[in-house]
Amino acid sequence: MTKSPNSGLLLKVLDFCYDRAVGNSGNGEGAARLASEYTDTTRTLEESIDNLIRWQNAKCAATGFITGLGGLATLPVTLPADLFANYFIQVRMIAAIAFMAGHDLKSDKVRSLVYICLCGNAAADILKDAGSQVGKRAVEAALRRMTGRGAGNFGKAIPLLGGIIGGAVDGFTCNLVGNTAKNVFLRNK
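Residues in the sequence shown are numbered from 139 upward in steps of one, following our numbering.
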């Protein structure tokens, strides 16, 4: 099996995110602190995890909205920033879920499971690509139908539309990954 040249870079990014998400020393302080913020004795473990996932969804959606505001013009800069920010938020969320479920964040098994949970992203990435293409085609078709003045005004709204689409897709992706993590770590408790 041939290794993709980008797979080594992706693994370095994930390792960087994981090390920062659990604390530079690898002792789990970052994710553990996040987990403690969402652990509530009046809720079940599953309800606490769902609350954590909801708030991380909001963070990812906000990141997607902000980085999508520039539209196609800023895409070369904002796409890497969006991906990195979302990977960090999601890795930290997954590690916090693992911690809440009683797993040792220093374990190589847990680190591997965290990375596997990100594979919930695969379906969302396909959706993101398809959604971007469909959205782009719809905008282009609408622009062709509009008069010059209307097209100019609508053109100003395209970056806003990019922000809305980016926020929705990133929030959906985070939710997918969070629920994957919840299923993996609660099942392996």
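Don't read these hints as lab results, they were simulated from the structure.
Treat the hints with care, since some could be wrong.
Claimed, not checked - Below 30 Å or equal to it, Euclidean Cα-Cα: the simulated DSSO-like pairs (lysine-lysine) are: (1) Lys150 to Lys247; (2) Lys197 to Lys244; (3) Lys244 to Lys150; (4) Lys150 to Lys197; (5) Lys247 to Lys197.
Said to hold, decoys possible - Just the calculated beta-carbon pair ranges, DEER-fashion: (6) Arg158 to Asn317: 18 to 26 Å; (7) Ser145 to Thr180: 41 to 49 Å; (8) Phe222 to Ala196: 12 to 20 Å; (9) Asp178 to Asp153: 14 to 22 Å; (10) Leu210 to Asp246: 37 to 45 Å; (11) Ala211 to Leu149: 25 to 33 Å; (12) Ala219 to Ile254: 42 to 50 Å.
Computed from a prediction, not measured in an experiment: that's the story for all the values here.
Backbone N, C-alpha and C define an ideal beta-carbon position, used for all residues, glycine too.
Structure-based check of each hint:
no.	hint	result
1	Lys150 to Lys247	holds (17 Å)
2	Lys197 to Lys244	holds (26 Å)
3	Lys244 to Lys150	holds (17 Å)
4	Lys150 to Lys197	holds (23 Å)
5	Lys247 to Lys197	holds (27 Å)
6	Arg158 to Asn317: 18 to 26 Å	holds (23 Å)
7	Ser145 to Thr180: 41 to 49 Å	holds (44 Å)
8	Phe222 to Ala196: 12 to 20 Å	holds (18 Å)
9	Asp178 to Asp153: 14 to 22 Å	violated (31 Å)
10	Leu210 to Asp246: 37 to 45 Å	holds (41 Å)
11	Ala211 to Leu149: 25 to 33 Å	holds (31 Å)
12	Ala219 to Ile254: 42 to 50 Å	violated (25 Å)
Hints 9 and 12 from the list above are not met by this structure, while the remaining hints are.
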